[in-house]
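Colleague: Listed below, chain by chain, are the residues.
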Amino acid sequence: MLLFIIAMNVLLFGITRDITGQSRLTVPADAGVTTVAGLKQWLGMHYPAFKQLQSLAIAVDNDYASDEDTIGPEQEIALIPPVSGG
Amino acid sequence: MPGKQVNNTDDAFHDSEDAGRYSRQVVLSGFGLAAQQKLKEARVLIVGAGGLGVPVLQYLTGMGIGTIGIIDADVVSLSNLHRQVLYNENDIGKSKVETAVNKLSKLNRNVRFEAYNQLLSVQNALEIVINYDIVVDATDNISTRYLINDACVISHKPFVYGAVQQFEGHVSVFNYLNGPTYRCLYSTPPANGEIPDCNTAGVLGVTPAIVGSQQALQVVKLITGIGKTLSGYLQIFDFLQDEQYKMKLKIRAESRQITALRNSYAEVVCNTVLKLSVDELFDWYESGKQFQLIDVRELKDFQTGHLTGAVSIPYNQFNTGEIHINNKQPVVMFCQKGARSNSTAQMLQQRYPEAEIYSVLGGMEYWEDEFDDEYIITPDLQNGGGSTV
Chain A
1 MLLFIIAMNV LLFGITRDIT GQSRLTVPAD AGVTTVAGLK QWLGMHYPAF
51 KQLQSLAIAV DNDYASDEDT IGPEQEIALI PPVSGG
Chain B
1 MPGKQVNNTD DAFHDSEDAG RYSRQVVLSG FGLAAQQKLK EARVLIVGAG
51 GLGVPVLQYL TGMGIGTIGI IDADVVSLSN LHRQVLYNEN DIGKSKVETA
101 VNKLSKLNRN VRFEAYNQLL SVQNALEIVI NYDIVVDATD NISTRYLIND
151 ACVISHKPFV YGAVQQFEGH VSVFNYLNGP TYRCLYSTPP ANGEIPDCNT
201 AGVLGVTPAI VGSQQALQVV KLITGIGKTL SGYLQIFDFL QDEQYKMKLK
251 IRAESRQITA LRNSYAEVVC NTVLKLSVDE LFDWYESGKQ FQLIDVRELK
301 DFQTGHLTGA VSIPYNQFNT GEIHINNKQP VVMFCQKGAR SNSTAQMLQQ
351 RYPEAEIYSV LGGMEYWEDE FDDEYIITPD LQNGGGSTV
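Chains as they are written, first to last, in the working numbering: chain A, 1 to 86; chain B, 1 to 389.
Note that these hints are calculated values from the structure, not bench results. All values reported here derive from a predicted model rather than from experimental measurement. Quick reminder that beta carbons are idealized off the backbone N, C-alpha and C, glycines included. Do not take every clue at face value.
To be verified - To give an idea of the chain A side of the interface with chain B (calculated C-beta under 7 Å), a few residues: (1) N62; (2) D63; (3) G86.
With the sequences and hints as input, model every part of the structure.
Modeller: As structure tokens, then:
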């Protein structure tokens with residue numbers, strides 16, 4: 001079944017690049033991540049600094065996504081924290 | 001609250017001049033004289049005359065917006081010049097708003113400027129915003145962005161959002177025709193320290209110019225109706241990789257249910273400390289202005305010589321002692337070189353969000369360079385020094 005073979009691609013912006021040290025990461029297919037909330041949990045497990053991020057927008061295929069939205073392996077995820085400067 | 005009106009020229013001479021001045025954009029298909037007339041009738045408020053605000057101001061002035069409000073309480077400093085290229089080395093220490101109006105008036109004398117040499121605050125935001133058609137968020141801190149958002153939602157004004165950090169830029173149009181707001185994107189401010197503040201994050205000189213130019217473009221599209229705007233989307237620029245990402249936003253119904261400003265937006269404070277040059281401080285002394293001067297150098301330095309009226313609160317005691325300030329007078333933080341005064345001013349500003357708190361640039365070193373021992377008192381060492389708190 002496709003769902004369990006393909007990993008999930010996550011684009012990173014702002015402070016999430018500093019936290020992970022990369023500009024994109026992959027969530028392994030066997031991580032069991034099926035919702036936005038599940039993704040946040042997975043991120044917090046692997047990068048504890050994510051647990052401190054109260055303010056983080058997540059896009060799924062370029063659409064703003066809420067915690068309960070489902071995500072699958074062929075979708076492109078983006079993590080977009082606020083930026084403050086000017 | 002009317003801004004200080006700096007320029008108001010509306011005579012026939014300027015009308016006849018318009019044809020030549022705007023000919024290159026009026027000739028554009030779909031733009032024409034009708035769009036130019038809309039720009040002339042528009043009133044736009046730009047919050048922040050820094051890295052984002054400078055290009056917004058320059059292009060909106062050049063393109064012929066009728067009335068431009070500018071609000072900022074900062075003065076030009078050397079570390080601004082790599083990105084705020086409207087200013088030059090001779091402007092260091094001068095008010096950004098006054099300097100900007102002075103220069104922009106020479107770019108286009110037909111524009112009427114309304115200058116507010118102050119911070120946008122809970123007290124003044126609604127009174128000021130109501131006077132404009134569009135607000136441009138060109139600030140450098142999160143708390144003012146939430147204040148702008150809430151004031152615009154309450155006043156039913158669209159605002160053009162821009163932000164930069166390191167090599168990343170964000171642009172959107174919020175609260176336009178019941179579209180998404182900033183709180184639909186980020187419902188609550190991040191906690192202190194959650195994202196890098198402007199002091200530590202850094203910004204490449206040219207990047208705010210690109211984001212600010214995008215903001216100016218959005219303003220012109222909102223006014224004239226040409227093309228599409230970024231309302232409903234967040235546009236992200238990755239300037240390092242030269243990539244862009246566009247996210248479609250979702251409306252959160254509760255984000256629109258704002259009927260009053262909050263008491264304070266100071267949960268996140270990011271470099272909102274005002275800067276005062278030694279020349280300005282000297283003028284304050286000369287003019288007899290009332291202010292509170294807090295000297296955070298070591299007590300022995302204070303006793304060697306300090307400015308008239310200064311009280312001593314050494315830096316290392318700053319967090320432990322009770323500090324009482326008079327909210328009605330500006331508070332001026334002072335040290336040897338300007339670093340300790342800046343950090344204590346930030347601490348004090350967090351404790352007293354409504355107070356007007358300055359940090360003196362260059363501290364005692366700059367003062368002595370400029371004014372030698374003027375206004376410097378050498379206390380009687382036998383009595384243990386000057387007044388302390």
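Colleague: Decide, hint by hint, whether the structure agrees.
Modeller: Hint by hint, here is what the structure shows:
The restraint placing A:N62 at the interface with chain B holds, with a minimum CB-CB distance near 6 Å, inside the 7 Å limit. Satisfaction of the interface hint for A:D63 is found here, the shortest Cβ-Cβ separation to chain B being roughly 5 Å, below the 7 Å cut-off. Interface restraint check: A:G86 against chain B, minimum CB-CB distance 4 Å, threshold 7 Å, status holds.
Checked against the numbered hints above, the structure violates none of them.
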